[in-house]
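Q: Here is what each chain is made of, one letter per residue.
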Amino acid sequence: MPAQPLNRICYVEDDEDIQRIVRMSLERVGKMTVEVVSDPMLAIERMIAFKPELVLLDWMMPGMDGPTLYRKMLETPETKSLPVVFITAKASQRELDELRKLGAAGTISKPFSPKDLPTQIRAIWSALP
Amino acid sequence: MISNDTALSTNKASTGISLAQSADPRRVLADRVEQIYSQMPIGIAGSFVISVIAAYELRQGRFVEIVIFWAGLVVLLTAATVGLYWSYRRSATKATEAAQWLRWLAISALANGATWGFAAAVFFPSHADEQQVFLAFLLAGVVAGGVPMYAISWPVYALYAASIVLPFTYVLATFGNRLFAEIALLIPAFYALNVAVAYRLNQVFDSGYRLRHAYGKLTEDYTALNQRLEQQLVELEEARRQVEASGRKLALFAERSPIAVFEFDAAGRVLTVNPAAENLFGFTAAEMTGQPGTGFMFPGEIADAVASRWQAFIKERKPIFGLRYNNLRRDGSELNCEWNLTPLVNQDNQVVSVIIQGRDITQQLEAERMKQEFTSTLSHELRTPLTSIIGSLQLINSGVMGDIEKDTLELTTIAERNGQRLLDLINDILDIEKIESGKLTLSPEVLELGELITESMALNRGYAERFKVKFATSGALENVKVNADRKRVHQIMTNLLSNAVKFSPEGGTVEVSMERVDGKLLRVGVHDQGPGIPEEFRGRIFGRFAQADMSYTRQKGGTGLGLAICKRLAEMMGGGIGFFDRTGGGTIFWFDLPVQE
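Just so you know, the protein sequences line up as chains A and B, in that order. Just so it is clear: in the first sequence, position 99 is 99 by the working numbering, and no numbers are missing. Just so it is clear: in the second sequence, position 533 is 533 by the working numbering, and no numbers are missing.
Don't take each hint at face value.
[Said to hold, decoys possible] Here are the simulated DMTMM-like pairs of lysine to aspartate or glutamate, each with C-alpha atoms no more than 25 Å apart in a straight line:
id, chain 1, residue 1, chain 2, residue 2
1, B, K439, A, D39
2, A, K115, B, E445
3, B, K487, A, D97
4, B, K439, B, E506
5, B, K371, A, D116
6, A, K101, B, E445
7, B, K439, A, E95
8, A, K31, B, D403
[Stated by the list, open to error] Derived coverage of chain A by chain B (criterion: at least 3 residues anywhere in the stretch with Cβ under 8 Å from a Cβ of chain B; other residues may be distant):
id, stretch
9, 29-41
10, 64-77
In short, the hints are calculated from the structure, not lab data. Yeah, the Cβ is synthetic: ideal placement off N, Cα and C, and Gly gets one too.
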C-alpha cells in the first residue's frame, strides 16, 4: 500500500460529457486534483508535466486506444511506473486478463457510478504494492 | 465349397479303382443281392423243369418210391424258393438287410444243390448205364448252370456246387469201377475250376457295381455342385446389381453435393473429387487428380503444418470434424474452409483412402465477426451516453451538487431509475447473446455460499427498502463450499430477490433459505408473499422476454430476460433452477449449486 493518500489523477478520455462527470465526481466527491486529457496523442507529454500519482485511461478513443497508450507509457521512462486503471465499456475478460498481466492496476466498467467512483479508485490504490 | 472342390479334384486325378472304393459297400452288396434275386425265376423254372424230366426218366429203375419222394422234395423246395423270392420282392428291407437276404438265398441254394446231390448219391448207383450217363450229364449241367445263377456271390455258388459234387464224387469213387474212380478224381478239379470262375465273375460284378455307385455318387455331387454354383452366380449377379446401384447413388450424392468431396490416398494425394470441389478450388478434376493436397490447397506458410497434421491423422486413423484451415484458390485468393476427414481403414488396420468433405465458411466467419463487432460496438455506443446520463443524474440526486427542489428531485430520480432500467436491458441482452453464442465464460472458484448469499442480501437491501419490503433468513445459512462464479451467483440472487421484492406487498418480508438436496446439491430458496405465478405463465416463465402480463413491464420494471439468464447461468455452473407454490400464498424460487466436497 502506497504511503500517501491518492491525490493527483490524470484522466485520458475523448468524450467531453464523461470528462466533466468524472472530473466533478473526483473533485467534489473524492476531493482529488484532476488533469483531464482529451487527445491521447498528447497524453504522455501532459502526464510528464502534471506528474500524477495514478492514471485513468479510457479504452476506446479515436487515434489511439487505451491499451496502445498504456504500452507507449511503458516504453517511456517517466511514465512507465505509473499505476494505470482502465475505464471500459467493452473489454472481454481475456483482454482484461492480458492487460493485468502487462501490469495494469485495475479496471472499472462503464457505466460507473460517479458517487462511488472515488471509493473504487481508492480501493485499487490501496491494493497497490 | 472349398472342400468340395478339393474332393472333386482328388477324384479326377485318381484311378477308377480308387473311385470304385469310394462307393458305399452296403449299397454294392444290396445291388448284388438284388441281381441274384432277379435271376431267381429263371433258376427256379429251369431247375424245376430239369427235375421233372429227371424224375420222368428215372421212374423206370428200382426204388420208384424214392424217385417219387425226391420229386415231392423238389416240389416242396421249389415252393419254398418261390416263397422266398416272393417275400424278397415285397420286402421293404431289401437294401438295409441285404446280408440277411443273401443268407436266406445261400440256404435256398444249398437246399437246391442238396436235392441234386441226393439224386446223385441215391439214383446213380441204382440205375442202368444210359440213365447214369443221363444223370451225369444233368449233374454237370446243373453245376455249370449254377455259375451264372450264383456267381455274383461266389461263396453261395461254392456251397451250392459242393452240395452236388461231394455226394456224386463219393458215389463215383466208391462205385468200384476204375473209370468212375478216375472221373471222381477229376470232379474236384472241375469243381475248383468252376468256383474259380465264379470267384472271378464275383470280382468283376463287384467292381462293376462299385463303379456304378461311385459314378452315381459323383454325378450327384456334380449336380449338387452345379446347382449351388448356379445359385451363387444368381446371388453374385444380384449383389453386383446392388453394389452398382448404391455406387451410382453414392456417385450422385457426391456429384450433386454442394459440399466439396475429395478422396485422398494415405500419402495425401488426390484420388477423386466432385464438381463442388472443382468449383471451390478453381481446378478441374483432371488437374487435381494425383496431386498432393499440400501442393495446391494451402498457402505456402501453412503447408508444412498441414503435412505434419496429416501424418498424425493417418497414424491415429480417427475421423476429424470441423477442422478449419485457410485454403488457397487457383486465382490466389484465400478461403476459410471447414473440413471433415474420415479414414477408410481395411482389415489390416491400414488407411486405404480418406474421404474429405469441406465447405467454404469465409462468409460465415465474416458474418460472425460482423455480429460480434456489432454487439461490441452497440455495447460501447449505448453504454457511453448512458454513462453520461446516469452519472449526471446520480451526481445531482446524491446532493453533491447542492440542494435541489423536491419536485425537480422527483423527476431526476425517475430519469435516473429509467436510465438504469435501460442499462439493465442492454446488459441482459448482451448476456443472453453471449450465452447463446457460447461466448460467456465463467470464472468458477470455491466459495462459501452462506457468506455470498448474505452479501447479496445486503447489496439488494436498499432496493427492497424502496418497496418497503424486509429481507429475512429462514433457518441458518450454513457455510457450505460450492464451486461457482461469484459475480454470476450475485446476478442470480439479485434477479430472484428483486423479483420477490417487486411482487411482495408493502410491509412484506422476503425470506431466504438454504438446504441440501440429494446430498450433492445446495439449494437456495427465495420465498415471497406475492400473488403467485399465473397457471398459463408457468410453462414459459424461464423463456426469453417472459412476463406474466405485458403491463407488468410498466408497473414493475424488468426486462423479461432475467429468469432466462438465471436458468442458463445456474445450468452452466452445474446446477438448476425452478419454483413452487409456497403454502399460505406466494412463491418460492430456488436454484441449486453443486457442493464442493
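Q: For every hint, state whether the structure bears it out.
A: Hint check:
At most 25 Å may separate the alpha-carbon atoms for a hinted pair to count; B:K439 and A:D39 exceed this at roughly 33 Å. The suggested pairing of A:K115 with B:E445 is violated, with an alpha-carbon distance near 30 Å, which exceeds 25 Å. Pair hint B:K487 plus A:D97 holds up; C-alpha atoms about 16 Å apart against a cutoff of 25 Å. Under the criterion of a C-alpha separation no larger than 25 Å, the hint pairing B:K439 with B:E506 is inconsistent with the structure, at around 40 Å.
Between B:K371 and A:D116 the alpha-carbon distance is near 33 Å, which puts this suggested pair outside the 25 Å criterion. Simply put, A:K101 and B:E445 have alpha-carbon atoms about 20 Å apart, close enough for the 25 Å limit, and the pair holds. For the suggested pair B:K439 and A:E95, the alpha carbons sit about 14 Å apart, so the restraint of at most 25 Å is met. For the proposed pair A:K31 and B:D403, the alpha carbon gap of about 19 Å is at most 25 Å, so the pair holds.
For a cut-off of 8 Å, the count of residues in the stretch 29-41 of chain A with a CB near a CB of chain B stands at 1, and the three-residue condition is violated. Only residues whose C-beta sits within less than 8 Å of a C-beta in chain B count toward coverage, and the stretch 64-77 of chain A has 0 of them, not enough to reach three; the restraint is violated.
Going through the hint list in order, the structure does not satisfy hints 1, 2, 4, 5, 9 and 10.
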